[in-house]
Structures are given as structure tokens and as C-alpha cells.
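S.K.: Numbered continuously in the working numbering, the sequence shown closes out at residue 56.
If you're looking for bench data, these hints aren't it; they were derived computationally from the structure.
Source: prediction; values computed, not measured.
Note that beta-carbon positions come from the ideal geometry of N, C-alpha and C, so glycine has one too.
Just to be clear, a hint being listed does not mean it is correct.
[To be verified] So the derived label-pair ranges between C-beta atoms look like this:
hint	residue 1	residue 2	range
1	G55	R14	33 to 43 Å
2	A48	A4	34 to 44 Å
3	S26	V52	20 to 30 Å
[What the hints assert, rightly or not] No farther apart than 25 Å at their CA atoms in a straight line, the calculated lysine to any residue pairs in the SDA-like style are these:
hint	residue 1	residue 2
4	K18	K45
5	K17	A31
6	K45	R56
7	K17	N5
8	K49	Q30
9	K42	A29
10	K45	V12
11	K42	V13
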Amino acid sequence: MANDLPIAAVVRIAKKSGAERVGSDAAQAIVDATESYIAKLTKEAAKYAVHAGR
Numbered sequence: 003m004a005n006d007l008p009i010a011a012v013v014r015i016a017k018k019s020g021a022e023r024v025g026s027d028a029a030q031a032i033v034d035a036t037e038s039y040i041a042k043l044t045k046e047a048a049k050y051a052v053h054a055g056r
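Using the sequences and the hints given, assemble the complete structure.
M.R.: Spelled out as C-alpha cells, the structure:
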């Protein structure tokens, strides 16, 4: 999967949330999981929009 979310932004969010350090492997795993979640969420939203006639 191509990364559309910048890893630096994920690291910045993690640090603002209290993480002292974020490894590159961990940041990549967070990006992958987040992109997967967003893809699933938008597919569901599209399905509901079609069902509602939008």
C-alpha cells in the first residue's frame, strides 16, 4: 500500500500524545494501520450514502 500519510506527521502526533520516542518501524506500522482503517471507513460511508440515495 502506498503511503499517503506522512510518517513525520504520525511521529509528531504520537509525541504530542505522550510518546517520548517513536521508532521508524512503529511509525510505519501506525501509518499502515491508519490507512487501512480510513479505507475501510470510507468504503462503509460510501455504501451507506448509496443506500440513502445520495
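S.K.: All hints, please: hold or fail.
M.R.: Verification of the hints:
{"no.": "1", "hint": "G55 - R14: 33 to 43 Å", "result": "holds (40 Å)"}
{"no.": "2", "hint": "A48 - A4: 34 to 44 Å", "result": "violated (20 Å)"}
{"no.": "3", "hint": "S26 - V52: 20 to 30 Å", "result": "violated (39 Å)"}
{"no.": "4", "hint": "K18 - K45", "result": "violated (29 Å)"}
{"no.": "5", "hint": "K17 - A31", "result": "holds (16 Å)"}
{"no.": "6", "hint": "K45 - R56", "result": "holds (14 Å)"}
{"no.": "7", "hint": "K17 - N5", "result": "holds (20 Å)"}
{"no.": "8", "hint": "K49 - Q30", "result": "violated (29 Å)"}
{"no.": "9", "hint": "K42 - A29", "result": "holds (20 Å)"}
{"no.": "10", "hint": "K45 - V12", "result": "holds (23 Å)"}
{"no.": "11", "hint": "K42 - V13", "result": "holds (23 Å)"}
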